[in-house]
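Asker: Chain by chain, the residues run as shown.
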Amino acid sequence: MDRLRSPTIRRVFAGLLIGCVWFTGLCIAEYNAFALEKYGRPLPEFDKAKDAEDSSEDESLIGGYFLTAAFISNPSFTARPDNTGRVGLRHMLHAETDLYRKYLTFYSDQNFFSDRDKGWIILTEWDQTYGITGTLDHWTWRMQYERDAPLDKSGLKQIYADGLVNYRIRSHEDWFWWRRMFPRNTLTAYAGLGWLFHNQNYFARPDNTGRALFRYVGHFDLDLYKQRFVLFGDVNMFTDRSASNAARPSELDWILGIAMRWRDYELSFYREQDRPLDRSGFIQEYWAVQLRFAFDVQKK
Amino acid sequence: MKAFNARLIGPLAFGAGLAAIIGCAGIGSDGTSASPAQRALIGKTKQQILACAGIPVHEYADGDRVLLVYYKEASQLEESFFGSKSSIARIHHGCRSTIVLQQDRAAEVRYESDPSTYQDEDHCEETFELCVHP
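Note that the protein sequences, when read in sequence, are chains V and B. Throughout the first sequence, residue numbering follows this note's numbering, covering 2 to 301 in sequence. Throughout the second sequence, residue numbering follows this note's numbering, covering 84 to 217 in sequence.
It cannot be assumed that every hint is accurate.
As the list claims (entries may be wrong) - Pairs of lysine to any residue, SDA-like flavour, derived with a Cα cap of 25 Å: (1) 300(V) x 96(V); (2) 227(V) x 147(B); (3) 300(V) x 134(B); (4) 103(V) x 142(V); (5) 227(V) x 208(B); (6) 227(V) x 164(V); (7) 155(B) x 266(V); (8) 227(V) x 181(V); (9) 227(V) x 158(V); (10) 227(V) x 191(B); (11) 155(B) x 141(V); (12) 103(V) x 129(B); (13) 155(B) x 98(V); (14) 300(V) x 261(V); (15) 103(V) x 193(V); (16) 155(B) x 137(V); (17) 155(B) x 261(V); (18) 155(B) x 84(V); (19) 158(V) x 146(V); (20) 155(B) x 244(V); (21) 155(B) x 296(V); (22) 227(V) x 188(V); (23) 300(V) x 204(B); (24) 300(V) x 209(B); (25) 154(V) x 122(V); (26) 103(V) x 166(B); (27) 227(V) x 148(B); (28) 155(B) x 101(V); (29) 155(B) x 152(V); (30) 227(V) x 101(V); (31) 154(V) x 84(V); (32) 155(B) x 202(B); (33) 103(V) x 202(B); (34) 129(B) x 148(B); (35) 155(B) x 175(V); (36) 227(V) x 212(B); (37) 103(V) x 298(V); (38) 227(V) x 119(B); (39) 155(B) x 96(V); (40) 158(V) x 124(V).
If you are wondering where the hints come from, they were derived from the structure by calculation, not from laboratory data.
Between the sequences and the hints, there should be enough to build the whole structure, so can you do that?
Answerer: See below:
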């Protein structure tokens with residue numbers, strides 16, 4: 002597994018590139034072969050008012066997911082906020098509820114990690130997150146509080162509160178050319194800027210130095226097949242408020258993975274690496290296999 | 084040259100798999116944009132629809148016309164990303180399907196994304212999965 006390092010990543014990227022080139026050829030050939038036809042006609046008017054009136058009754062009351070991840074290869078991703086141990090397993094509960102329709106949501110994450118060097122089972126870190134989030138057209142915002150603490154002994158806690166604004170694009174609404182070429186392969190992506198306005202020991206590098214001030218985030222999901230196969234990537238950067246340039250990134254965390262979904266289950270395989278950007282130093286990285294189970298309690 | 088070829092086998096295989104998955108997704112069986120469920124539902128009776136899709140969230144009647152409304156919310160698997168540095172919530176969305184029955188036969192099937200700015204009709208398709216593949 003240790004061989005799954007940079008040469009493998011280069012191969013994965015090369016594979017993606019080759020896949021895109023092949024598919025583009027396929028798609029262009031097929032696009033010319035078929036005429037498109039729109040299905041269905043306008044609905045009768047008499048029920049539109051009732052439709053709007055009742056539309057809130059069929060929405061989610063509480064939704065979320067449980068996940069369990071096994072860090073199948075972990076040379077350095079630590080199992081406590083003080084950077085001791087190495088993660089073996091991760092368990093997480095995510096729950097959220099809409100406060101105002103689909104536009105304002107409260108959410109919470111409860112994250113637990115175990116230490117593979119202590120037998121994999123005993124939990125060694127508990128990260129709690131509470132926040133509110135909202136959307137307006139292409140924009141998403143959130144306010145969040147996070148507290149990362151050790152569980153099996155007392156020690157360093159990393160705590161912050163931040164605000165984050167993202168701008169989202171979705172190929173089927175925003176890129177007509179994409180929709181025409183890839184009608185079944187939605188690309189969703191967002192990028193944003195965050196500010197850690199309260200920071201109690203939330204570090205700016207993986208080696209626990211500096212104090213984070215800003216975060217830059219980016220993310221994409223490429224729907225390969227009906228939301229059953231999804232390729233995803235995520236980037237998270239922090240800046241150091243004690244650095245001479247507080248806007249310059251000091252840490253880069255990236256994730257690249259593929260997910261397979263079936264009904265409420267998702268099996269994913271991904272890699273994460275957290276590395277310093279403004280100097281050499283400690284790099285945290287791992288490969289994981291993860292199972293997620295989604296739940297949803299409907300209002301009706 | 085041999086080493087070069089060996090290095091390419093992995094990417095080529097991965098790329099071919101990816102292209103196959105996307106390629107299969109992009110082309111309808113009959114070359115139209117009408118979904119399999121929309122085609123399968125036309126002409127079915129109310130009883131047949133209830134049997135394969137379950138009870139609708141709303142049902143309205145007006146003379147010999149009946150509307151059945153189904154709603155399917157997107158899974159949280161789509162709506163939240165599990166980053167190790169906290170999750171990121173995404174827009175809540177779903178798909179509402181309206182079936183118009185005339186003289187007890189489905190005459191129209193319409194999909195509406197909710198919110199309308201988030202077009203995603205796959206969830207309407209999921210509602211009628213058993214109608215297409217009993």
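Asker: Give a verdict on every hint.
Answerer: Against the structure, the hints come out as follows:
| no. | hint | verdict |
| --- | --- | --- |
| 1 | 300(V) x 96(V) | 15 Å, holds |
| 2 | 227(V) x 147(B) | 36 Å, violated |
| 3 | 300(V) x 134(B) | 23 Å, holds |
| 4 | 103(V) x 142(V) | 13 Å, holds |
| 5 | 227(V) x 208(B) | 10 Å, holds |
| 6 | 227(V) x 164(V) | 33 Å, violated |
| 7 | 155(B) x 266(V) | 16 Å, holds |
| 8 | 227(V) x 181(V) | 16 Å, holds |
| 9 | 227(V) x 158(V) | 41 Å, violated |
| 10 | 227(V) x 191(B) | 24 Å, holds |
| 11 | 155(B) x 141(V) | 23 Å, holds |
| 12 | 103(V) x 129(B) | 31 Å, violated |
| 13 | 155(B) x 98(V) | 17 Å, holds |
| 14 | 300(V) x 261(V) | 28 Å, violated |
| 15 | 103(V) x 193(V) | 20 Å, holds |
| 16 | 155(B) x 137(V) | 22 Å, holds |
| 17 | 155(B) x 261(V) | 20 Å, holds |
| 18 | 155(B) x 84(V) | 43 Å, violated |
| 19 | 158(V) x 146(V) | 13 Å, holds |
| 20 | 155(B) x 244(V) | 49 Å, violated |
| 21 | 155(B) x 296(V) | 13 Å, holds |
| 22 | 227(V) x 188(V) | 12 Å, holds |
| 23 | 300(V) x 204(B) | 21 Å, holds |
| 24 | 300(V) x 209(B) | 20 Å, holds |
| 25 | 154(V) x 122(V) | 15 Å, holds |
| 26 | 103(V) x 166(B) | 22 Å, holds |
| 27 | 227(V) x 148(B) | 33 Å, violated |
| 28 | 155(B) x 101(V) | 19 Å, holds |
| 29 | 155(B) x 152(V) | 39 Å, violated |
| 30 | 227(V) x 101(V) | 29 Å, violated |
| 31 | 154(V) x 84(V) | 13 Å, holds |
| 32 | 155(B) x 202(B) | 13 Å, holds |
| 33 | 103(V) x 202(B) | 15 Å, holds |
| 34 | 129(B) x 148(B) | 11 Å, holds |
| 35 | 155(B) x 175(V) | 23 Å, holds |
| 36 | 227(V) x 212(B) | 13 Å, holds |
| 37 | 103(V) x 298(V) | 15 Å, holds |
| 38 | 227(V) x 119(B) | 13 Å, holds |
| 39 | 155(B) x 96(V) | 19 Å, holds |
| 40 | 158(V) x 124(V) | 15 Å, holds |
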